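If you read the sequences in order, they're chains A and B.
Residues 1291 to 1529 in the working numbering are what the first sequence lists, from first letter to last.
Residues 234 to 454 in the working numbering are what the second sequence lists, from first letter to last.
In short, the hints are calculated from the structure, not lab data.
Quick caveat, the model's predicted, so the values are computed rather than measured.
It is possible that some hints are incorrect.
FRET-style restraints, in silico, Cβ to Cβ [as the list claims (entries may be wrong)]:
1. A/Ile1509 to B/Ala238: 52 to 60 Å
2. A/Arg1523 to B/Leu343: 52 to 60 Å
3. B/Met256 to A/Ala1299: 51 to 59 Å
4. B/Phe352 to A/Ala1520: 58 to 66 Å
5. A/Phe1462 to B/Leu343: 23 to 31 Å
6. B/Ala439 to A/Asn1516: 39 to 47 Å
7. A/Lys1403 to B/Ile267: 32 to 40 Å
8. A/Arg1300 to B/Met256: 54 to 62 Å
9. A/Asn1438 to B/Leu440: 20 to 28 Å
10. B/Arg390 to A/Thr1340: 37 to 45 Å
11. B/Ile267 to A/Ile1359: 42 to 50 Å
Okay, the calculated bits of chain A under chain B, using three or more residues with CB under 8 Å as the criterion [claimed, not checked]:
12. 1420-1427
13. 1432-1440
14. 1462-1469
Every beta carbon over 10 Å from chain B, so not counted as near; a handful from chain A, in silico [as the list claims (entries may be wrong)]:
15. Thr1306
16. Gln1337
17. Ala1389
18. Gly1402
19. Arg1512
20. Ala1527
Even for Gly, the Cβ is constructed at its ideal location relative to N, Cα and C.
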Amino acid sequence: MLHRFASPARFSRIATRVLPWSVALTGLLFVAGIYFALFASPADYQQGETVRIMYVHVPSAWMAIACYIFIAAMSAISLIWKHPLADVAARAAAPLGAAFTLIVLITGSLWGKPTWGTWWVWDARLTSVLIMFFLYLGHIALTHAFDNPQRGAKAAAMLALVGFINIPIIKFSVDWWNTLHQPASLTRLDRPAIDPGMLTPLLLMGLAFMAYFVTMLLIRMRADLNAARARARQLSAAE
Amino acid sequence: MIGIALLVRRDLRLAFRGSTDAMMSVIFFILAVILFPFGVGSDIKILPHIGGGIIWVVALLAALLSLDRMFAADHDDGSLDLLYLSPVSLGQLALAKALTHWLTSGVPLLFAAPILALFYNLPEAALLPLLYTMLLGTPTLSLVGGIGAAITLGARRGGVLLALLLLPLYIPVLIFGASALDGAIAGRDIGPQFMILGGFLLAALALAPWATAAALRYAID
Chain A
1291 MLHRFASPAR FSRIATRVLP WSVALTGLLF VAGIYFALFA SPADYQQGET
1341 VRIMYVHVPS AWMAIACYIF IAAMSAISLI WKHPLADVAA RAAAPLGAAF
1391 TLIVLITGSL WGKPTWGTWW VWDARLTSVL IMFFLYLGHI ALTHAFDNPQ
1441 RGAKAAAMLA LVGFINIPII KFSVDWWNTL HQPASLTRLD RPAIDPGMLT
1491 PLLLMGLAFM AYFVTMLLIR MRADLNAARA RARQLSAAE
Chain B
234 MIGIALLVRR DLRLAFRGST DAMMSVIFFI LAVILFPFGV GSDIKILPHI
284 GGGIIWVVAL LAALLSLDRM FAADHDDGSL DLLYLSPVSL GQLALAKALT
334 HWLTSGVPLL FAAPILALFY NLPEAALLPL LYTMLLGTPT LSLVGGIGAA
384 ITLGARRGGV LLALLLLPLY IPVLIFGASA LDGAIAGRDI GPQFMILGGF
434 LLAALALAPW ATAAALRYAI D
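Construct the complete structure from the given sequences, taking the supplied hints into account.
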């Protein structure tokens, strides 16, 4: 199963065939999701219209975490089976994950200003996401820090696995730190059972973000493989 | 075991003879900690509250300073390849390097920290916890730092990159180290912090040399 997709040429062919469909699916899901999120869903009785920020915020948070798990899985596949596409996939996914994380942080603070009255609180969850953003940045920087791209891919794969083991430890530490330093003035909003009218846009947007991730991943991986081919051709032409 | 001892002896000799790297990180530590009162003011009521945290934060930075040289010198002159071929395993090499790094840039901090605590008017109740937490925490920094040093071996701009990779991973040590001091000043039981710092150290001792060795293998190939 793993090795059937090991050939880059075969992958490019499949990606080219799948891409139009996944682009269409992404567009469709986004149109439906945004319609439900902005027009066909109720405002929250407590948060008012700002609750609509959640339909971007929560799916990005899901994707930010899913993307790191994806990178860690690809890194393990790359290091254990030396699968040629796993490095390409991890390299393609890292900037996407960083972007999702950044969206979580920005939309979160946009939501926090009217709701909590401040752009930023050192809440355990916010702090963990901020640290995750830097883990992504480190991964991206390391990938491009070597003259030999192969070496960069292996180093980044090692880092992704070390980071993956560390994330629960960091999360635990930050939670622990937060309970000690929790500012008394901050009253967190309890999460009531979610209204079904809000669940539809949330799930639609979640699926849209996932489809977007897959589409972008395919595009970026194909571009990466094409760039490598172009480099190889240039080198052979120069000889 | 003998291999590790020989490697540590060799690296300590090199550290004390040739370069001033070992002294540099402790001097940086003292200087950076002394900078803070110029920034936040010398209010004798504020300084004891932030002193422990500042000492810990700067200790993390000081531990980073000499990390990029951990394997680089041996890599540049080719002795790393010979060590790879020698009977000493890469895991033992990683352990020896981390131990040397701790002895040259972790232990000196232990001597400097109590003096810096005086500058910040830290209460006497915090002095021993400061020493103990640093004793438990700084070896973890060296061990985890070894992974970073091996991963970035041969990279362009190694130093800055290393800070970006390692500082997020150092946060748990910082949290528990600093909060033990907070707890000691407030008179709380700080047993849990010691246990957790000790747990981090044991986990790092078991896993970090192994991960460092794996990263070194990719760097040498």
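Those earlier numbered hints the structure runs against, lowest number first: none
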